[in-house]
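Here the structure of chain S is known, so what remains is to put chains F, G and X in place on it, guided by the hints.
4 protein chains.
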Amino acid sequence: MAGSRYTYVKKFELPDNLLPGTYMVVRIDGHGFHRFCDQHSFTRPNDERALKLMDRAAQSVMEEYADITLAFGQSDEYSFLLRKDTKMHNRRQSKILSLLLSLFTSSYIFHWPKHFSDVELKYPPSFDARIILYPSSQEVKDYFAWRQVDTHINNLYNTAFWALVQQAGESTTQAHALLKGTQSAQKHELLFSRFGVNYNKIDARFRKGSVLVRETQATSTPVRPPL
Amino acid sequence: MAGSRYTYVKKFELPDNLLPGTYMVVRIDGHGFHRFCDQHSFTRPNDERALKLMDRAAQSVMEEYADITLAFGQSDEYSFLLRKDTKMHNRRQSKILSLLLSLFTSSYIFHWPKHFSDVELKYPPSFDARIILYPSSQEVKDYFAWRQVDTHINNLYNTAFWALVQQAGESTTQAHALLKGTQSAQKHELLFSRFGVNYNKIDARFRKGSVLVRETQATSTPVRPPL
Amino acid sequence: MAGSRYTYVKKFELPDNLLPGTYMVVRIDGHGFHRFCDQHSFTRPNDERALKLMDRAAQSVMEEYADITLAFGQSDEYSFLLRKDTKMHNRRQSKILSLLLSLFTSSYIFHWPKHFSDVELKYPPSFDARIILYPSSQEVKDYFAWRQVDTHINNLYNTAFWALVQQAGESTTQAHALLKGTQSAQKHELLFSRFGVNYNKIDARFRKGSVLVRETQATSTPVRPPL
Amino acid sequence: MAGSRYTYVKKFELPDNLLPGTYMVVRIDGHGFHRFCDQHSFTRPNDERALKLMDRAAQSVMEEYADITLAFGQSDEYSFLLRKDTKMHNRRQSKILSLLLSLFTSSYIFHWPKHFSDVELKYPPSFDARIILYPSSQEVKDYFAWRQVDTHINNLYNTAFWALVQQAGESTTQAHALLKGTQSAQKHELLFSRFGVNYNKIDARFRKGSVLVRETQATSTPVRPPL
Numbered sequence: 001m002a003g004s005r006y007t008y009v010k011k012f013e014l015p016d017n018l019l020p021g022t023y024m025v026v027r028i029d030g031h032g033f034h035r036f037c038d039q040h041s042f043t044r045p046n047d048e049r050a051l052k053l054m055d056r057a058a059q060s061v062m063e064e065y066a067d068i069t070l071a072f073g074q075s076d077e078y079s080f081l082l083r084k085d086t087k088m089h090n091r092r093q094s095k096i097l098s099l100l101l102s103l104f105t106s107s108y109i110f111h112w113p114k115h116f117s118d119v120e121l122k123y124p125p126s127f128d129a130r131i132i133l134y135p136s137s138q139e140v141k142d143y144f145a146w147r148q149v150d151t152h153i154n155n156l157y158n159t160a161f162w163a164l165v166q167q168a169g170e171s172t173t174q175a176h177a178l179l180k181g182t183q184s185a186q187k188h189e190l191l192f193s194r195f196g197v198n199y200n201k202i203d204a205r206f207r208k209g210s211v212l213v214r215e216t217q218a219t220s221t222p223v224r225p226p227l
Numbered sequence: 001m002a003g004s005r006y007t008y009v010k011k012f013e014l015p016d017n018l019l020p021g022t023y024m025v026v027r028i029d030g031h032g033f034h035r036f037c038d039q040h041s042f043t044r045p046n047d048e049r050a051l052k053l054m055d056r057a058a059q060s061v062m063e064e065y066a067d068i069t070l071a072f073g074q075s076d077e078y079s080f081l082l083r084k085d086t087k088m089h090n091r092r093q094s095k096i097l098s099l100l101l102s103l104f105t106s107s108y109i110f111h112w113p114k115h116f117s118d119v120e121l122k123y124p125p126s127f128d129a130r131i132i133l134y135p136s137s138q139e140v141k142d143y144f145a146w147r148q149v150d151t152h153i154n155n156l157y158n159t160a161f162w163a164l165v166q167q168a169g170e171s172t173t174q175a176h177a178l179l180k181g182t183q184s185a186q187k188h189e190l191l192f193s194r195f196g197v198n199y200n201k202i203d204a205r206f207r208k209g210s211v212l213v214r215e216t217q218a219t220s221t222p223v224r225p226p227l
Numbered sequence: 001m002a003g004s005r006y007t008y009v010k011k012f013e014l015p016d017n018l019l020p021g022t023y024m025v026v027r028i029d030g031h032g033f034h035r036f037c038d039q040h041s042f043t044r045p046n047d048e049r050a051l052k053l054m055d056r057a058a059q060s061v062m063e064e065y066a067d068i069t070l071a072f073g074q075s076d077e078y079s080f081l082l083r084k085d086t087k088m089h090n091r092r093q094s095k096i097l098s099l100l101l102s103l104f105t106s107s108y109i110f111h112w113p114k115h116f117s118d119v120e121l122k123y124p125p126s127f128d129a130r131i132i133l134y135p136s137s138q139e140v141k142d143y144f145a146w147r148q149v150d151t152h153i154n155n156l157y158n159t160a161f162w163a164l165v166q167q168a169g170e171s172t173t174q175a176h177a178l179l180k181g182t183q184s185a186q187k188h189e190l191l192f193s194r195f196g197v198n199y200n201k202i203d204a205r206f207r208k209g210s211v212l213v214r215e216t217q218a219t220s221t222p223v224r225p226p227l
Numbered sequence: 001m002a003g004s005r006y007t008y009v010k011k012f013e014l015p016d017n018l019l020p021g022t023y024m025v026v027r028i029d030g031h032g033f034h035r036f037c038d039q040h041s042f043t044r045p046n047d048e049r050a051l052k053l054m055d056r057a058a059q060s061v062m063e064e065y066a067d068i069t070l071a072f073g074q075s076d077e078y079s080f081l082l083r084k085d086t087k088m089h090n091r092r093q094s095k096i097l098s099l100l101l102s103l104f105t106s107s108y109i110f111h112w113p114k115h116f117s118d119v120e121l122k123y124p125p126s127f128d129a130r131i132i133l134y135p136s137s138q139e140v141k142d143y144f145a146w147r148q149v150d151t152h153i154n155n156l157y158n159t160a161f162w163a164l165v166q167q168a169g170e171s172t173t174q175a176h177a178l179l180k181g182t183q184s185a186q187k188h189e190l191l192f193s194r195f196g197v198n199y200n201k202i203d204a205r206f207r208k209g210s211v212l213v214r215e216t217q218a219t220s221t222p223v224r225p226p227l
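Which chain is which? The protein sequence lines are S, F, G and X, in order. Under UniProt numbering, think of the first position of the first sequence as 1, with each following residue one higher. Under UniProt numbering, think of the first position of the second sequence as 1, with each following residue one higher. Under UniProt numbering, think of the first position of the third sequence as 1, with each following residue one higher. Under UniProt numbering, think of the first position of the fourth sequence as 1, with each following residue one higher.
Hints listed in this document are in silico derivations from the structure and should not be mistaken for laboratory results. Treat each hint with caution, since some may be false.
Below, simulated SDA-like cross-link-like pairs (lysine to any residue); rule was C-alpha separation at most 25 Å, straight line [as the list claims (entries may be wrong)]:
id, chain 1, residue 1, chain 2, residue 2
1, G, K87, X, S4
2, S, K180, S, D38
3, F, K11, S, D29
4, G, K87, G, K141
5, X, K95, S, L19
6, X, K11, G, Y6
7, G, K10, X, D16
8, G, K114, G, D76
9, G, K95, X, H89
10, S, K10, X, D67
11, G, K141, X, S4
12, S, K11, F, G21
13, X, K122, G, L53
14, G, K95, X, Y123
15, X, K10, G, D85
16, G, K201, G, Q138
17, F, K95, S, P15
18, X, K141, F, L19
19, X, K11, G, Q138
20, S, K180, S, V213
21, S, K87, F, L14
22, F, K10, G, L19
23, G, K141, G, L19
24, S, K141, X, K95
25, X, K187, G, Q138
Next comes chain S alone, as it looks inside the complex:
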């Protein structure tokens, strides 16, 4: 073949198969989303349209890849859990990472107009991604617990912070200073006493993030075992 003298360059493509028998978590994060939120006037502390768009992008990924059993999203990040026995693309890291990330990104832009009907997308946003392997289900549970605790901590802080800025007229610098070192209970109290906000009544989506779970139906053939 005419090109055969060049094909030796293919030998530099090394295998990157991930360890069998381990759970894969693919975590996708917004890249430069502070600026992206500013430029597109996202509502603070939470923009419901933006969160639902993230959920929609995650839904596309779950519909396409059957070995994803669970996904968790908050803010500009989403984590996908793949079955520990997945044979998807022979467990090749670059392949799995890139396919999930690319479809997530693509779906985010594709569905933008339905979620932000009156906001034109000014430039293409992007995300980064990584794969983390977990040997046991305990570690998987703790991973998702970690992300959910993080959601709670960030959202409580942000809710108090933006109340101080938007309703009490504090500068962002002052708001940070006021919250510095406060405990969770103090932020709850601040929200209630100064702004009449019962934090526990805030939309659960904001406080707890989004969870997508694949339902398995009972059939006569063996169903997949639970996580």
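Structure of chains F, G and X alone, referenced to chain S:
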């Protein structure tokens, strides 16, 4: 901190820094583009709108990441070359792979309407990607030569194939059978004698692919050395 | 420092930490041991001195590295199991692989004279090694089951083979031909009927390999949990 | 086969081929050699017998593996350079690392009695090893320059240190304190003025380390290109 009992799960994120002093090639490929082309009625054998859209997406990537010096595209694939001394994200594989891929994907959807003004995007397309390391400039040259030879071989075949199908009314099966085992010269001859096509007069974009090169300007400070 | 202009070369030493929470198996294999056995006139099909020397080398490794809980040896190979929570050398692959292998090799040569008192070592033997990660205890059990089944299959074959050669005067080619395709029961029968050998009475070390287990003592401080 | 239900465990052995077209340096280091030197009464600051034994072990490795072109040794470390186009064991990291390390270790113990005729080996010493890849010959040169500069710095310090201890009767603590922060020229001067030692006249093996080079002979068939 409330979540500290879970943070041990971060230890499962292993470093993935790539070998210093090597050229990185990031190759992005359309995933399931046979169907995507069909569903969006791409012109055969080449759709100029689609190729220009690929170029536009690649341009976004080059504009964002200054350490990309060269890019080559054909069909539904694009290859980006990063400087061998790039320090981008400390040469972390997942970070570099995912940022380039995500922005490429995002820009492709973002710019779709300008390139396919009368074709609505039916679903979000996706791409996969990989990083290949090359230790020397000779291997880099041969990599791009390999992709360009591939462009030539594929395009000559496809040009002959679709002439047989679209102009001579052959079935796709017959067209494949007629071309099987033919040499390059025979395909040139077939195009010229049966269809009056001088293959060398076909748009260079179709025959040779697209090349994007970063220009460096003479300044008083030292410019980056050439590849 | 005088040498500082060269120290950039240290940056090419990339991290190679192994996934936390997984069992490590380090398997060491004799390199070129067919020739080594010949040159040192090892008894066929099993040389008890050689097997005990392997056990002695493995014992040195277990004495030195407390996170090894189990070892299994047969013929010229030995497998070591490390605790899944081992922090040894921060789980760096090259470090763990090389330390165990080097001490095994060293101890093998060091103890040779005690086991082969009348056989001079003609040249230094060597071994290779690899690390395999297993996420769950089931896979670890199956790994050791696999090695023990392999021991049984090989030893039954070799016992029959060498009986045919040494006692029945068959050539090695004839012996292989006679055994080709035979089932386990047929080899038992052959040994019993032609050579009066009850295979199940053969030394268990030959039939089943060697197992080294670390004993843990009850103490007032918490002991390590069992595998 | 009887054991086939267990053979799935082989799938956990992942490929570990190293990038083609790169130089490999395998560096072997003594493990716990401070104690080993003490226990075997090595001469300070340099023990010629020990250094020659290291050279002998390295020679065994070079004789066995033809793709090693160069080796450099000092103190209890040795570095081996493999040709960048080596195909040895398909460039599998564990295989190459373990074979060189194991033979080096083995040869060290095997040849001990010839170099330390009156010193009995009290226990088996061990070494660790790593592989470092270098894309270009400049980095390889700088690697060996780095090791040789290190040899010089360490040896000059150790020579002055042990002169203070052995000849001037200083404690090791005092000797360290006296040398702290001194420049190279000051150590030369100290050795000359207090101990009458012209450092440049000291055995080159001590000052510069050992280099082993593979000679290639002119033949009618093409010889391997130089590094």
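Could you check the structure against the hints above and give me the numbers of any it violates, in ascending order?
-> 1, 6, 16, 20, 24, 25
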